[in-house]
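Put the two chains together into one complex; each comes in its own frame, and the hints tell you how they fit.
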Amino acid sequence: MECQEIEVLVAPDGNVRIHVNGVKGMECASLTEALEQALGGETERELTWEAGDTPGHEGLSEHTTQSAG
Amino acid sequence: MSHLTRIRTKIADRDMLVAALRKLGYDVIEGPTTVRDVLLDTRPVDLKISLPQEGREIGFALENGSYTIVADWWRVSETSGDRLKRQLQEEIEEATHRVRQQYAVTATKEKLAEQGFDVVEESTEESGEVRLLLRRMA
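Chain order of the listed sequences is A and B. When you line the first sequence up against our numbering, it's residues 1 to 69, in that order. When you line the second sequence up against our numbering, it's residues 70 to 207, in that order.
Please keep in mind that the hints were generated in silico from the structure rather than gathered at the bench. Nothing here was measured: the structure is a model prediction, and the numbers come from that model. A couple of the hints might just be wrong.
[Claimed, not checked] Distance condition first, Cα-Cα at most 27 Å in a straight line; then the derived DSSO-like pairs of lysine-lysine: (1) A:24 x B:178; (2) B:92 x B:180; (3) B:92 x B:178; (4) B:178 x B:79; (5) B:92 x A:24; (6) B:79 x B:180.
This is chain B alone, in the form it adopts within the complex (with noise of 0.2 Å):
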């Protein structure tokens, strides 16, 4: 028998997030600290990370069991012409899915060596998919 199992990924782990967020090459705050917005208000996160781009942050807010993403859309809208906003916008949402990606990853590797698995098999489909394949002997 086998099974599949589909999965709508939570950050659920703050060490893996760490680690998931260092291996991408960010610098990781750890707090309890704040994101400023672009006016200068801030919000109170668990962590952070700078963004490359006029040092704008995502951070990091444990929530009923999970991290949440704080970054300050409506800041963005509020303050920038629209080429600008769409810019940022794009940029939060692509640093999100790639701090996701990099956290299941790290999270199937951490878990699963955990129970006597080892990666045999790993690639990035064309997609962005990434694949990993797992073995034990039991």
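So that you can see chain A by itself, here it is in the shape it has in the complex (with noise of 0.2 Å):
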């Protein structure tokens, strides 16, 4: 069991940040796709990397880094 969680901050004029913690590699990117999806899905993604994953890979993009998680 692993606790999931997804931090959603909505701004003033309906833009969305989407911060998701404690899924691992593929899931965490397919997880939100669906809200992605109904908000329109112009998105921008920035991976960043707990203790424990492989330091220094910060700021490559998802295209590059699926098979790391």
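Right under this line is the structure:
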């Protein structure tokens, strides 16, 4: 069992930031897909790394890091 | 691993748009219908709401998969004094932002509930930003 957490910040103009924690690899990216579609699908994604993940990959795009998680 | 996603919100789902408008207290008139401008010309929209002031209407029209807001800015500028024009533009803009924000909140709760997430915290910051924290055990 792991606790998965999503923080969603909705700005006064309706734009959204979604922060996902505790979700591994591919699932991390797919988890919020339905929501992103409902919000029009115009997204920009950054991966961040926590303790225990491979270090030194900050800022790499999703496409180049999909197998790493 | 975690990720941060930024989304420039577009209103893509009609049912959730209607739910958001009702949550904001608007009477929603579901169409196809039309909105009329100050010169009583009409434009086709899929649904609409009325703003309290002078019965002005904001319509929503589906274009390329998302709803765009139809309000008659140029008619306002043509027929109104600067002060009224500014006031009406501000009113429309404010309503537009409120609708987009409520739509995003509604969509977040609904879509993530479908995936087993519960809202554990909900707050509105001083800036007007809404913060939702959702959790599930997996």
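Here is what the structure says about each hint:
no.: 1; hint: A:24 x B:178; verdict: holds, 22 Å
no.: 2; hint: B:92 x B:180; verdict: holds, 17 Å
no.: 3; hint: B:92 x B:178; verdict: holds, 13 Å
no.: 4; hint: B:178 x B:79; verdict: holds, 16 Å
no.: 5; hint: B:92 x A:24; verdict: violated, 35 Å
no.: 6; hint: B:79 x B:180; verdict: holds, 15 Å
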